[in-house]
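Chemist: Chains as they are written, first to last, in numbering that gives the first Met the number 0: chain A, 0 to 128; chain B, 0 to 333.
The reader is advised that the hints may include incorrect statements.
To be verified - Using 27 Å as the maximum straight-line C-alpha spacing, the simulated DSS-like pairs for lysine-lysine come out as follows:
#1 B:Lys303 <-> A:Lys5
#2 A:Lys5 <-> B:Lys267
#3 B:Lys240 <-> B:Lys183
#4 B:Lys254 <-> A:Lys5
#5 B:Lys251 <-> A:Lys5
#6 B:Lys309 <-> A:Lys5
To be verified - One-sided and incomplete, this derived list gives chain B residues near chain A with beta-carbon spacing under 7 Å:
#7 Cys14
#8 Gly16
#9 Arg19
#10 Lys63
#11 His105
#12 Leu307
#13 Val311
It should be emphasised that the hints constitute simulated quantities derived from the structure, not laboratory data.
Every residue gets a Cβ at the ideal spot worked out from N, C-alpha and C, and that includes glycine.
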Amino acid sequence: MRSSMKTPVSVLRLPRGPDPNSRGFDPNSPRFIALCPTTVPSSSSSGSADEGEQRLRAELRERFLRTLLLMTGKRVRFDMHEHVRVHARFGASDIDVLNLQVSDLETPLGVQREALLRCQDVIACSFEA
Amino acid sequence: MSPVSMAMRQTPLTCSGHTRPVVDLAFSGITPYGYFLISACKDGKPMLRQGDTGDWIGTFLGHKGAVWGATLNKEATKAATAAADFTAKVWDAVTGDEVLTLAHKHIVKSVNFTQDSNCLLTGGNDKVLRIYDLSKPEAEPQEIAGHTSAIKKALWCNNDQQILSAAEDKTIRLWDKNTKEAVKTLSFDASVSSMEYIPDGEILVITYGRTIAFYKANSLDLIKTVDAPASIHSASLHPEKDFFVAGGDDFKLYKYDYTTREEMESYKGHFGPIHCVRFSPDGELYASGSEDGTLRLWQTAVGKTYGLWKCVLPEELSSENSEILYCPPAEIKA
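Construct all of the structure, not just a fragment, from the sequences and the given hints.
Modeler: As structure tokens, then:
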């Protein structure tokens with residue numbers, strides 16, 4: 000009988016989930032606009048030291064990204080924690096550099112056709128350019 | 000009393016996005032932009048959400064390990080997180096930027112701001128409580144030692160003059176912030192699974208085994224205890240102190256009358272043990288975080304129009320010009 004079955008509360012919509020392409024914190028939200036000082040950098044003297052550091056950071060980042068590009072398809076040696084050293088063909092990194100996609104990973108248990116290496120486990124990688 | 004509320008079944012709102020268990024959550028105070036919710040997750044990516052709708056606002060990126068604790072300051076302008084990467088981080092909760100990284104010697108489990116947001120209290124597996132002055136982040140933190148096992152939770156209390164800490168050594172200790180001495184120690188047979196401090200009324204809510212216990216925060220005198228049907232991991236007292244909610248191993252959320260200690264309702268919905276539950280600052284809803292990787296929002300007054308929930312009279316549901324876009328199918332268990 001319908002009267003003995005409770006009606007579930009209606010909702011307008013479901014909560015919005017994360018945007019897969021961004022970390023959020025919409026700069027156009029009323030809260031952001033009200034609470035954040037202008038993000039346009041001033042040309043005052045204190046700015047130049049920050050600009051210098053920013054330029055260096057940008058250079059280092061670009062070098063890192065170019066290294067990743069150069070590594071693609073190459074045989075790379077990964078030195079990892081616990082004295083682990085493996086060889087594999089490097090495929091790609093994810094956007095946050097949390098995982099590295101590799102192929103033909105040589106492990107003590109055999110060769111893994113496809114694998115993901117966790118970046119936090121990798122200490123260093125080396126390859127012939 | 001609305002005739003509708005008697006016939007309504009709870010519709011929890013599920014907030015997805017995390018990919019691993021949600022282990023901690025915290026609400027901000029009520030701000031001019033509403034109130035906010037932060038969730039700590041083993042996937043290392045704590046998230047900020049609008050408190051009354053569960054809408055995702057942003058993800059704090061930077062930790063390199065599971066995030067065990069997360070908190071917001073009252074104004075929701077700062078966030079702090081405690082992680083397995085041996086750091087606690089302070090974030091700008093408006094821009095999402097990382098503001099400070101505080102290195103520790105072991106996994107950090109708990110973070111808590113003072114009321115003025117100037118100091119941050121941390122506690123974790125190295126058994127030491129640390130107080131950081133956020134206006135002098137390079138300065139060494141003050142340290143309070145005494146616990147003999149990993150600290151699970153550390154909170155400011157009594158107008159930020161005292162500190163409450165719960166550890167795996169099965170004790171809860173009340174410390175004086177200035178003398179750094181333990182003022183009182185409570186011992187239990189089991190490890191305390193959670194702790195909540197209610198400043199208004201100075202009440203401490205703790206859970207251990209199947210028990211939810213209420214203490215006076217400044218004296219650690221017992222007020223009352225309630226036993227639940229299953230092992231409880233977290234409980235929260237309503238701001239008006241008329242109900243409390245609890246959740247744990249059996250995946251259900253229990254709602255109790257605080258005065259009579261009677262169980263009023265239980266709700267199924269999560270697909271894993273519940274790790275944390277908290278009432279919103281206005282008491283209109285409570286949020287639960289689970290091993291299943293989701294956060295769920297539950298109404299305190301089922302059927303009331305609030306946030307995304309809409310009170311609909313039975314006649315309206317079947318009418319053709321109903322505005323309701325979504326009505327959950329009957330198979331979803333409340």
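Chemist: Could you run down the list of hints and mark each one as holding or not?
Modeler: Outcome of the hint check:
{"no.": "1", "hint": "B:Lys303 <-> A:Lys5", "verdict": "holds (15 Å)"}
{"no.": "2", "hint": "A:Lys5 <-> B:Lys267", "verdict": "holds (15 Å)"}
{"no.": "3", "hint": "B:Lys240 <-> B:Lys183", "verdict": "holds (25 Å)"}
{"no.": "4", "hint": "B:Lys254 <-> A:Lys5", "verdict": "holds (18 Å)"}
{"no.": "5", "hint": "B:Lys251 <-> A:Lys5", "verdict": "holds (19 Å)"}
{"no.": "6", "hint": "B:Lys309 <-> A:Lys5", "verdict": "holds (16 Å)"}
{"no.": "7", "hint": "Cys14", "verdict": "holds (5 Å)"}
{"no.": "8", "hint": "Gly16", "verdict": "holds (4 Å)"}
{"no.": "9", "hint": "Arg19", "verdict": "violated (13 Å)"}
{"no.": "10", "hint": "Lys63", "verdict": "holds (5 Å)"}
{"no.": "11", "hint": "His105", "verdict": "violated (17 Å)"}
{"no.": "12", "hint": "Leu307", "verdict": "holds (5 Å)"}
{"no.": "13", "hint": "Val311", "verdict": "holds (5 Å)"}
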